[in-house]
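Asks: The primary structure of each chain is shown beneath.
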Amino acid sequence: MTQVSRRRLLGFAGAGVALAGAGAAAGAGLDHALSAPEPHAAPGLVPFHGEHQAGIVTPTQEHLHFAALDVTTKDRAKLVSLLRKWTDAARRMTGGQEVVPNGAVGGSAAAPPGDTGEALDLPAASLTLTIGFGPSLFDDRFGLADRRPPALADLPAFPKDNLDPARSGGDLCIQACADDPQVAVHAVRNLVRIGFGTTEVRWSQLGFGRSASTSRSQVTPRNLFGFKDGTNNLKAEDTDALAQHVWVAPGDGPDWMTGGSYLVARRIRMHIETWDRSPLREQEQVVGRAKGTGAPLGQSAEFDPVDLHVGGANGEPLVPADAHIRLASAENLNGVRILRRGYNFVDGSDGVGHLEAGLFFICFNRDPRTQFVPMQKVLAAKDAMMEYLEHTGSALFAVPPGVTETGYWGEPLFG
Amino acid sequence: MTLRKTPLVVAGSAALLALSACSGGDQKAAAGGPITVEATDTACTVSATTANAGNLSFEVTNKGTKVTEFYLYAQGDRIMGEVENIAPGLTRKLTIEVPDAGTYQTACKPGMSGDGIRGTFTVTGGASRQADTNTQLADATKSYATYVASQSDALLTETQKFADAVKSGNVADAKARYAPTRTYYERIEPVAEKFGELDPAIDVREADLEEGQQFTGFHRLEKDLWATGLQPDSGQIADKLVADVTTLVNQAKTIQLSALDLANGAKGLLDEVATGKITGEEETFSHTDLWDFQANLDGSKAAIQSLRPVLQERDPQLVSEVDTQVKNVQTLLDAQRSGDGFKYYTELTQDQIRQFASAVDALGEPLSKVAEVVAQ
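Each protein sequence line maps, in turn, to chains P and X. The first sequence begins at 14 in the numbering used here and counts up one residue at a time. The second sequence begins at 57 in the numbering used here and counts up one residue at a time.
So that you can see chain P by itself, here it is in the shape it has in the complex (with noise of 0.2 Å):
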């Protein structure tokens, strides 16, 4: 029969058409195999290889499913072997292909096949696969005790937390981004199936709805709360801002986590149903913007700086006391910055009729513990926005720098 090939669908797609955003070389992403008759960039690939690891700075992808994994074995080749399987299998998904050639129906009719197959026929639709390591991989299992980085210090409890250990915490997390979800689930359960026997899903979190944008090149998108969320992000664009607050310096902690990143993940419930009986203007001052433009209170268009001494009416700053974008903000913080890059989600109900809804938080940041750990702290016991908020899930992982195209994920670390 012929082969479908996810490879020449995208080839199909992708001719002569320069990729949007801000990968320039998308083609460096392509595995060898794919390399051959395709000179032109093609859209919906991001590059797998580089400095840093991709699906951080690179363009949001509007589709989440993030899994937190722990190591089941205590052989440290085990390990390691399995995190060269899985670059390999993450540079061909991410360039549009089986997990392994003729994957899903090439193969023996009496062997499972290679490729769960259920992203047959579907484009790379920007798939970008980022691993991290959490704090517990560093126990006395692998022998990584002594490199664990002072910056991959657990979370403290913050006030309001209301923390379940079963969305909490992780040796390995996978986060996978796209454009179609079946791509990112498709990814993320292929991995998790290499890891049998060495790993097994401790929790994972669909996300919808990219909340925050990371290029120029992106509108900002809403959360479900209504609101414009990420306006004041990091973007990619900014490089000097991300090697200041995002990408691991050398000096900063062991040398394996130069280029690399810190990871935190935090499951945040919206009790959208009191909020959706609040009135707007409740909303807006608990925001601090104009919920309709998303201009900060007080300004009149969406990029306008956000400017924390303008007073309305008796003098009261028209960006209240404890809005979260003043609290957030990097003037309030000492100038302290992060990069999010969060996902909406609705898991069902929560069983007493309302919807299990809210923002799966995802950032990432140079060093939590001046970073995310401050700015987490003010927000926790000032925010207005807490009174609709309940944290349920965390996790914090070091995610390692990006893989030349004959290394793997965390081989600084490994090898």
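Among the clues, some could well be false.
[Said to hold, decoys possible] Mimicking BS3-like on lysine-lysine, the simulated pairs with C-alpha atoms at most 27 Å apart in a straight line are:
#: 1; chain 1: P; residue 1: K304; chain 2: X; residue 2: K425
#: 2; chain 1: P; residue 1: K304; chain 2: X; residue 2: K149
#: 3; chain 1: X; residue 1: K149; chain 2: P; residue 2: K248
#: 4; chain 1: X; residue 1: K279; chain 2: X; residue 2: K296
#: 5; chain 1: X; residue 1: K279; chain 2: X; residue 2: K223
#: 6; chain 1: X; residue 1: K309; chain 2: X; residue 2: K217
#: 7; chain 1: X; residue 1: K279; chain 2: P; residue 2: K395
In case anyone wonders, no lab produced these hints; they're calculated from the structure.
Starting from the known structure of chain P, fit chain X onto it as the hints suggest.
Replies: For chain X alone, coordinates are given in the frame of chain P:
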């Protein structure tokens, strides 16, 4: 539970009503883009001196040598909007909502002091509306103030008795008094929460403590009584509770509330139920959440009761909807009565919890519309 930080706390009630009345969502600025203001050390040049009512945008550029600020004043030097700390060479933008026609004044203040360099600014069109002279609304706030005063007095008396029981080591008596005493607090919670530092001292939950914050108040004693046994400092905590409640009660009797505060308070109490009591998070150790639930409902009813004449006149259908839904919630609560109080949260079935949540949502919907009617 310390949750609600109503943003409507500080400003005067008349101004609030005027502002809220036009919250209908017209985001458009007055035609013609921003009004530019050129500020120097000796002049304040405003590019237009008239505008239509609505959102006015000013773009203030400091071409002087001193740090400056810009104000728009209504009559009587009431500030409509301001922008401070404009360093030389900087341009800052300011959008102000000016709903009423009238004569205003612009002012630049080089050096950020004095009356500034003034100019007349005329706003036309809009709805020139009177201040809140509605006697019905004034009566509503007066009636509610009486309610707050009566609840406060009872709160102080009962807190004293509760504290005495703790201090004498009479755990059984203290436990019996705990939930009924809190009832008085929970009924006037929207008022209590206006006192930023006192409310956490009296009512903070252990899970909400900030780093370095001492665990004091009702819930600390709740933990002592139900979980850990009385501690060496339980007596001190009890004394502090009485002292804090005394301060709160004195302040609560003097607070000026607006009719909008009442409306938002009635809704806020239900939100408290929806997020804290329905989930059993408020009374982690004693599980007396239903006592609080009833008290929140009482407080909400009291606020609505004060507003009833206004609401009845302006939107009788809304009143009847609120009444119906209140009755539904009350029926569910009554079904869980036990002795002088209620069943413990832990005795409720998941199905009963779901019924409560659903009834509270059904009541929350009409309650959320009350403020708009009050602001008409």
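Asks: None of the hints should be skipped; say for each whether it holds.
Replies: These are the hints, each one checked on the structure:
Straight-line distance between C-alpha atoms of P/K304 and X/K425 comes to about 19 Å, which keeps the hinted pair within the 27 Å bound. Of the supplied pair hints, the one linking P/K304 and X/K149 holds, its CA atoms being roughly 19 Å apart against a limit of 27 Å. With a CA separation close to 24 Å, the supplied pair X/K149 and P/K248 stays within the 27 Å bound. For a cut-off of 27 Å, the pair hint linking X/K279 to X/K296 stands: about 16 Å separates their Cα positions.
Distance restraint check for X/K279 and X/K223: the Cα-Cα separation of roughly 15 Å lies within the 27 Å cut-off, and the hinted pair is therefore satisfied. A threshold of 27 Å between alpha carbons decides the hint, and for X/K309 with X/K217 the separation of about 21 Å falls inside it, so the pair holds. Between X/K279 and P/K395 the CA atoms are separated by roughly 25 Å; this keeps the pair inside 27 Å, and the hint holds.
Checked against the numbered hints given earlier, this structure breaks none of them.
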